[in-house]
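K.L.:
Chain order of the listed sequences is A and B. For the first sequence, position 384 (counting from the first letter as 1) is numbered 366 according to the numbering used here, and the numbering increases by one without interruption. Just add 4 to wherever you are in the second sequence, counting from 1, and you've got the numbering used here.
Worth flagging that the hints you see were computed from the coordinates, not collected in a lab. Keep in mind that the hints are not guaranteed to be accurate.
Stated by the list, open to error - Dumping the calculated DSS-like pairs for lysine-lysine here, alpha-carbon to alpha-carbon at most 30 Å: (1) B/Lys55 with A/Lys38; (2) A/Lys38 with A/Lys180; (3) A/Lys180 with A/Lys366; (4) A/Lys23 with A/Lys209; (5) B/Lys92 with A/Lys351; (6) A/Lys369 with A/Lys130; (7) B/Lys55 with A/Lys281; (8) A/Lys261 with B/Lys92; (9) B/Lys131 with B/Lys55; (10) B/Lys92 with B/Lys35; (11) A/Lys261 with A/Lys351; (12) B/Lys92 with B/Lys131; (13) B/Lys55 with A/Lys261; (14) A/Lys351 with A/Lys366; (15) A/Lys369 with A/Lys38.
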Amino acid sequence: MRLDSDKILKIASLAALALVVVLFGSCSKDNDPEPIPAGYKPTPYTIEIPFGFPTKLNIPEDNPMTVEGIELGRYLFYDGRISGRTHPDSLMSCATCHIQENSFECGINHPVYQGGFTHGITGIPTPHVMLPLVNLIWNHSGFLWNGKIYPENPEAHFRNIEDLVWMGIVAPHEMNSDTNRAKALIQSTPGYPELFEKAFGTPVVTVDRMGKAIAQFIRTFISANSKFDRYMRGEVQLTASELSGYVLFTTEEGADCFHCHGAAGNPLFTTHLYYNNGKDSIFNDPRDRYAVTGDPNDKGAYKATTLRNIELTGPYMHDGRFATLEDVVEFYSHGLVWSPQIDPLMHHIANGGTQLTAQEKANLIAFIKTLRDDEFLSNPAFSKPEKMP
Amino acid sequence: MKYLLIILFIALLFASCKKEEEKTAANPEGKIVFHFLHQVDGQDLDIDTMKYVNAAGNHYLINEIQYFISDVTLHLAGGGSILIDEWKDIHYVDTDIPSTHTWEVYDAIQAGSYEYISFTFGISEEKNHSFMYVNPPESFMFWPEYLGGGYHYMKLNGKWLNEDLFIEPFDFHLGIGQILDTAGQITGFVHNDFEVVLPGSAFTLQSGETIDIDIIMNIENWFQDPNLYDHNIWGGYIMQNQEAMHVACENGWNVFEVGYGL
Chain A
-17 MRLDSDKILK
-7 IASLAALALV
3 VVLFGSCSKD
13 NDPEPIPAGY
23 KPTPYTIEIP
33 FGFPTKLNIP
43 EDNPMTVEGI
53 ELGRYLFYDG
63 RISGRTHPDS
73 LMSCATCHIQ
83 ENSFECGINH
93 PVYQGGFTHG
103 ITGIPTPHVM
113 LPLVNLIWNH
123 SGFLWNGKIY
133 PENPEAHFRN
143 IEDLVWMGIV
153 APHEMNSDTN
163 RAKALIQSTP
173 GYPELFEKAF
183 GTPVVTVDRM
193 GKAIAQFIRT
203 FISANSKFDR
213 YMRGEVQLTA
223 SELSGYVLFT
233 TEEGADCFHC
243 HGAAGNPLFT
253 THLYYNNGKD
263 SIFNDPRDRY
273 AVTGDPNDKG
283 AYKATTLRNI
293 ELTGPYMHDG
303 RFATLEDVVE
313 FYSHGLVWSP
323 QIDPLMHHIA
333 NGGTQLTAQE
343 KANLIAFIKT
353 LRDDEFLSNP
363 AFSKPEKMP
Chain B
5 MKYLLIILFI
15 ALLFASCKKE
25 EEKTAANPEG
35 KIVFHFLHQV
45 DGQDLDIDTM
55 KYVNAAGNHY
65 LINEIQYFIS
75 DVTLHLAGGG
85 SILIDEWKDI
95 HYVDTDIPST
105 HTWEVYDAIQ
115 AGSYEYISFT
125 FGISEEKNHS
135 FMYVNPPESF
145 MFWPEYLGGG
155 YHYMKLNGKW
165 LNEDLFIEPF
175 DFHLGIGQIL
185 DTAGQITGFV
195 HNDFEVVLPG
205 SAFTLQSGET
215 IDIDIIMNIE
225 NWFQDPNLYD
235 HNIWGGYIMQ
245 NQEAMHVACE
255 NGWNVFEVGY
265 GL
């Protein structure tokens, strides 16, 4: 069989095209295991990054932020039926403990959890006091006091904010429920299948999707408009006491807070890292950082909390041993306890603390209170929806 | 005709790659990969182990080291120099973060013989500006504005056995120092960054070659030569002690050395 020149040209070009397709196609990403349904077009949600804040965000590839996902997450966050129960006395939602007015923490003034010490639906105390849900979109270093939940965790269901949802549902010291009951109840609640359809392209409720939606909502909790933020933007002035407190906050010979808790150069006001800050000399908490890393030097180490809205998030430390900011500052000033595991950044340990005077303590607290963000604490976008499904 | 256009388009795609090769041949270039190592007395650093003794006789351990080097410059044997700055001119190293221990330099480096390598320890005055890093871990290195702003050159954290046989933390932090008046008020700042000339760092880079260069921090040298650095004298924190930082930076001249290959 003879081929004319046109045919040769045609075959050659098709072969070359095929080669190009193979070459470039090999670079394309693997198909998503869960195909996107036709007609599913959620609205992308863009995070506005405040001045000086990190540009790297903790948004998993498999859970992009969408307007519909956040809306669904907001309903679920405030819905006590997520606990899988319907009796009014047994309802429990994320918002039962995570109170917006207290920076999505329990706070010391909670009507049920006296002194800020939470317990589960059956009365079992939570092992540690709460951590606030604020600016977590910038946390890449683990969640909970010991960082047990972290993105690189080989156990895939202990990696991110999404996973805290199922954990909260099943934990005996939280909702003490089971995920089947929870998803069945949400599935049977009129309105929710439609919200899931909008958010994820399917009306089918799964705990995975519940976690994703709530995590999206929590990632919108951005606090960046405190008095200190406005000061940094040149909009307001700090008082003399607050400025003196800021100098103490950011100097080694002062209160030396900044290495662990940030400042203008790290506006998260935390490193999200773990430190033994000199509270004890004997360590027997099975949930400290050592429990995660297995490194004996991590005994008694816990996450440095963010100081944003800290005046509202007592009691303080992992076990809530300090009720007030005054107690905390007094501890760092005069109450440090040496142990072999004490973090090297606690260099005032030889003197038992930073030895602040009464006036210095007052100034330091005055500065710390400039980190309260009233706009965040009352932002209607974060509040309970007026009408639930 | 349309098939001819397709073939022409594909030929152009591949030709664009060939041009790069030709360019390389015309301007022979290679690549450099830096590896950062940390040693005490010639041995790899053993973190959190109280087994080291410095020249002043202090028993000590190292918990972590975080630092910047910048403006790495390759000095040609025949004169002239090349500043590594195409993709980045400041590199952060953190003993806790292995990915920072390797720097695959983006710049294509002119092939040839180089007499020595130099760099700035820390960040130079003209570049050390607050808020230029917003993402961790670099952002965690900020140096408070009240103390001069910008970023720590280095945080070297550890503990030593003090004169009372008490294991005390030390934060050997270097950065911008402060000038104080007699009342203790800050009247000015001192930029303590300094140039490091790596001894024995001559090398030859062939065209198309990638050369691995180890930059080794000999930690014990921070505490000796020309100044004995005694933790019992300087204490656990020095960010507000320009005299201590000056002494430490004077010791920095021979802290780093170079090795080739791995």
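K.L.:
For each hint, tell me whether it holds in the structure or not.
P.N.:
Against the structure, the hints:
no. : hint                   : result
1   : B/Lys55 with A/Lys38   : violated, 39 Å
2   : A/Lys38 with A/Lys180  : holds, 27 Å
3   : A/Lys180 with A/Lys366 : holds, 20 Å
4   : A/Lys23 with A/Lys209  : violated, 39 Å
5   : B/Lys92 with A/Lys351  : violated, 38 Å
6   : A/Lys369 with A/Lys130 : violated, 35 Å
7   : B/Lys55 with A/Lys281  : holds, 21 Å
8   : A/Lys261 with B/Lys92  : violated, 42 Å
9   : B/Lys131 with B/Lys55  : violated, 37 Å
10  : B/Lys92 with B/Lys35   : holds, 15 Å
11  : A/Lys261 with A/Lys351 : holds, 23 Å
12  : B/Lys92 with B/Lys131  : holds, 12 Å
13  : B/Lys55 with A/Lys261  : holds, 26 Å
14  : A/Lys351 with A/Lys366 : holds, 26 Å
15  : A/Lys369 with A/Lys38  : violated, 35 Å
Going through the hint list in order, the structure does not satisfy hints 1, 4, 5, 6, 8, 9 and 15.
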